[in-house]
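Student: Residues per chain, in single letters:
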Amino acid sequence: MPSSADPATAGRGRLFAVPGLVMVVALVVVPVLALASRTIDSASLFGVWSRPGIVDAIGFTVFETILSTLVTVVLGLAPAWALSHHSMPGHRFALAVTTVPFMLPTVVVGAAFLGLLPGSVERGLVAVVIAHAYFNVAVVIRTVAPVWATIDPMLVAAARNLGASRSRAFVSVTLPLLKPALLSAVAIVGFMCATSYGVVRMLGGGDATLEVEVYRRAILFGDIAGASTLAVAQLVVAAICLFVWVGKDRVVFTESGHRSRRRDHPAARVVAVIATVLTAVPIVALVLSSIRSRGHWTLAGWRLLTSDSDVPGLQVDLPDVLFRSLAFAAIAAAIAVPVGIATSTFSAAARRTILDRVLLLPLGASAVAVGLGIVITYDSAPFDFRSSWWLPPVVHAVVALPFVIRVIQPVQSRIPEHLRSAAATLGASPLRVWATVDVPLISGAIRTAVGLSLAISLGEFGATSFLTRNDSDTLPITVEQLLGRSGDLARLAGHGVAVVLLLVTLVALAFTTRSRRSWSAS
Amino acid sequence: MKTGTSALALAAIALATTVACSSDDATKKDVTVTIVAYESFTPPEGIFDAFTNETGISVRVVAAGDAGEMIAKATLTAGNPEGDVMWGVDNTLLSRALDADVFDPYVSEVDGLDPDLVATAADVVTPVDYGDVCVNYDVDRLEQLGIDPPTSFDDLASPEYRGLLVTPSALTSSTGLAFLLGTIADDPDGWQQTWRDLRDNDILVVGGWYEAYYTEFSRYGGDRPLVVSYASSPPAEILFADPPLPDGSSAPTAVVTSTCFRQIEYAGVLRGSKHVEEARALIDYLVSPTFQESMPESLFVFPANERATLSDIFTTYVQPVTDPLVMEPATIASSRDAWLEEWDAIVG
Amino acid sequence: MERVVIGLELDAVSVAHDGRTLIDHLSFGVERGSTTALLGPSGVGKSSLLRVIAGIDRPTSGRILLDGADVTDAPIHRRRIGLVFQDNQLFPHLSVADNVAYGLRNAATREARRSWRGTRTHERVHELLSIVGLADRGDDPVGILSGGEAKRVALARGLAPTPGALLLDEPLTGLDRALHDRLMEDLASILRTTGTTALIVTHDESEARFLASATVRLG
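Chains as they are written, first to last, in the numbering used here: chain A, 4 to 525; chain B, 45 to 392; chain C, 13 to 231.
Next comes chain A alone, as it looks inside the complex (with noise of 0.2 Å):
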């Protein structure tokens, strides 16, 4: 396998460089930066970092995201490793179940954590890295687990054969391997923590993350010129951090391309069924706050939304909000996995991950900037885009661009050269090589990337819900709107409405997760 590119390979790459980058620059930066421009004075400049709580915040955001970022990784890799073993039965379930707190709501499942914490740790800088912990676990195990499932267990025999402890062979062969998804999973992971909102506001009890205090900044005290000011900010040291980052990244390719044969360990199932319940047991508690009233069972809430109901007030059209939710994300999905994979194929014909990281900048940024940036940007004719309603899925398509990297990349760069070449000197084209010998490689990943990118759309409350919608509400926002009113079937049809997004959610992570065969069979 050549190290280096090949230059006639990498410059076919390059024009697949070119959807991802545009989403990121047209969605992300410049609404950021022309926000900045539109508000930012001197005076805001340098007057916003003087504010009481921004210095605060600023420690808060840096030691929190470390601190959750650590957690999160460590309490990640032995799930990670229990769901490499394929073979396991329930295998799916578990890996969609453990995906699942990463795709609702903060505000539903935070409440349903609330009430799982003891009373001693139930808010403060605890609660929020076990929350994060919680929330993220889910990209640490979708990074690490498919690189881990291609290490061969006999390397590891080989390590301890050659007289290292169980520990060191750990540290000095299975880690250097994972490293690559493990800095992926550290970058995403780290982002996800750094701008953290929602788990904050509800369980920082008054510590603050830089995001929070954009919030608070332009929604609170209408200061959006302060509060672009720190979004900017925010943005140049997530791209420091990245470039820091990409320059410590080396891709290594493991010998064997092919999953390995990996025994059904007992541990793993262990494991697994003990990541599952812990997962499981806030959304357990989720499910039964829709069912459950003042000590009795009750189907009033689900029959509020299966039924043409007219309680005042509480008018939900749950099929039309699902039909929307469902459209929505099948567009993101349709634009992130072709744009995901064009990205991909440049990074594994460039040999370097330079873009994929790139790409993870949205992650970093301030979603109320995000927002707010695309409102002004995209306010004039022709590109009055502000009120369209393919907005949110498209800003969706951009969030969930860096996961279906992360899922396609890996398997992507595996797949040997020579299986180009080999089509090539048969005569297909460029395009017809990529069709013929690298899609059909990747479909199992391709699937596994639909169903994060469905998930993820929706589930998405962060920058699109800045946009504004044309009277067409997402279960995420029906979600909102029915539990930000009083009454025990507000209550109960607002929780409803999180169970439909649980399951639909549930059900694209399982009927996409890659089955076993996919790629060894190929």
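One or more of the hints may lead you astray.
Covered stretches of chain B (chain A as the covering partner; in silico rule of three or more C-beta atoms under 8 Å from a C-beta of chain A) [stated by the list, open to error]: (1) 119-126; (2) 162-173; (3) 247-255; (4) 265-279; (5) 338-350.
Facing chain B, from chain A, some residues (calculated, C-beta under 8 Å) [said to hold, decoys possible]: (6) G56; (7) G118; (8) P121; (9) P315; (10) V378; (11) G487; (12) S489; (13) L495.
I should point out that these hints are in silico values taken from the structure, not numbers from a laboratory. Even for Gly, the Cβ is constructed at its ideal location relative to N, Cα and C.
Once you have looked at the hints, place chains B and C on chain A.
Tutor: Only chains B and C this time, still in chain A's reference frame:
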């Protein structure tokens, strides 16, 4: 921003070609007026049919975020608005919209509009509804504890009510902000001491209304029988009770009327609208008895038009708030930031 | 007459895979410092047996002895029975030299580790790479090695910590004729020079005759 602009154009073209069609239909036989509203604006289905039949004007509602997010966007798009009419800017936010010159002044002269409410509208917008943010209490739980319902802010700070109250944070919730403003309106010079006392009396400050009401309030399994919520919460507790309450039972929760802070919501014509006349007609309709009577049960707010009749639920179960705490939008605008910082220093 | 000293001994060892018994009560010994070939068609469990001897898997019954000591229950990293995998299993993230040094750096005691560290490790790696004819390739990544070179690195890596016995799983399979013959001669001489007790799995009679002083047949 030269490079930014060209990149933007490029991006825009890319977007335009990715998704070829937009929902804006070019063929407009009749005028469509767009209402920009906050997310929880959920008027009954078909409520605009009468207006359309009468005037030939169609109505479209676009919504996003809460009122604060809506205003943030409106100030950024002043003069080039996302619609023609804005619904739901309230007295805590109005001055921000006025400063940014968001509205084309119009005050409806429909019969029956409460003149006191109109007086707060700075001759720029029209009041459409009002509601009160008040301390609610769990009637049964207080009875079990053998404690009388509190009647004032001072009560809340007294030892008898120690550890009983939960409120959303003024820094992250508009409900929390309204409660803070209420304490300030109640005692403009001594509110800081009120809050020090509340803090020392173990008040629980949480992120948002949802956590306060649905996780900490004793009616929903929490251990705090006093919660900062709305005057309309008790009727909702009856209307939406499950299992349903027997006929004639009293509301399971009630409000401490002396703590009520009045939030007034306004509608206005957005500056830059191309349908000013139609927008004004729509605002007249929004404050007409037809529309106003639909609001209490769909939006849980009270009509600004005194001629609108309230349904039984509201006349029976809503405690009249005769003397709410009020504050001029201009006062709120000039001091809000300083108050919030002071409040944060006391409670944070 | 000189007494035969047994280096590696199997005593009634049974091996099962997926619940199927592959090897039933097999007993034999390998004379210390000599090479024995394990012959048999594919699928009879030769590789499974090597994994059991190395300690990666457990036998269903029987004992394994190294230099007279029962190592059946010794953990894999302490039993000092090296294994050269059929597919080499070189560490892809390490250079050729670091692959060879890997076992040296795992030396069981702190003292041994200290003494191997630094120049002594370096010297030992150089010595081993010289033996397998790759003295100037130490800094190369293993990804660019040819099949024969990779096999030599695997061999050097297995020999480096001076194991009590070395197991080789089809070490010459899949190489072209010329390479096969050259490596076979090299292998014989390396095992002889280092005085290693070796057990070589093969399905090739001529290979067995050339490399080994004794033969065990399976299947």
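Student: Now tell me, hint by hint, if it's right for this structure.
Tutor: Against the structure, the hints come out as follows:
Here the stretch 119-126 of chain B counts 5 residues with a CB under 8 Å from a CB of chain A, which clears the bar of 3, and the coverage holds. Coverage of a stretch by a chain is defined here by at least three residues with a beta carbon nearer than 8 Å to that chain's beta carbons; for the stretch 162-173 of chain B and chain A the count is 0, and the condition is violated. Closer than 8 Å: that is the beta-carbon criterion, and the stretch 247-255 of chain B has 7 residues meeting it against chain A, so the requirement of 3 holds. Three residues within the 8 Å Cβ limit are the bar, and the stretch 265-279 of chain B against chain A gives 5, so the coverage statement holds.
Remark: the stretch 338-350 of chain B is confirmed as covered by chain A, as 4 of its residues place a Cβ nearer than 8 Å to a Cβ of that chain, reaching the required three. For the restraint placing G56/A at the interface with chain B, the shortest Cβ-Cβ distance is roughly 7 Å, inside the 8 Å limit, so the hint holds. Given the 8 Å rule on beta carbons, the hint for G118/A holds: about 6 Å separates it from the nearest Cβ of chain B. Look at P121/A: its Cβ only gets to about 14 Å from chain B, farther than 8 Å, so that hint breaks.
Nearest Cβ of chain B to the Cβ of P315/A: about 4 Å, under the 8 Å cut. The hint holds. Restraint check, V378/A versus chain B: the minimum CB separation of about 5 Å is within 8 Å; hint holds. Given the 8 Å rule on beta carbons, the hint for G487/A holds: about 5 Å separates it from the nearest Cβ of chain B. Using the Cβ-Cβ criterion of 8 Å, the hint placing S489/A at the interface with chain B is satisfied: the shortest such distance is roughly 4 Å.
A hinted interface residue such as L495/A counts as satisfied when its beta carbon comes closer than 8 Å to some beta carbon of chain B; here the least separation is about 6 Å, so the hint holds.
Hint compliance for this structure: hints 2, 8 are not met, and every other hint is.
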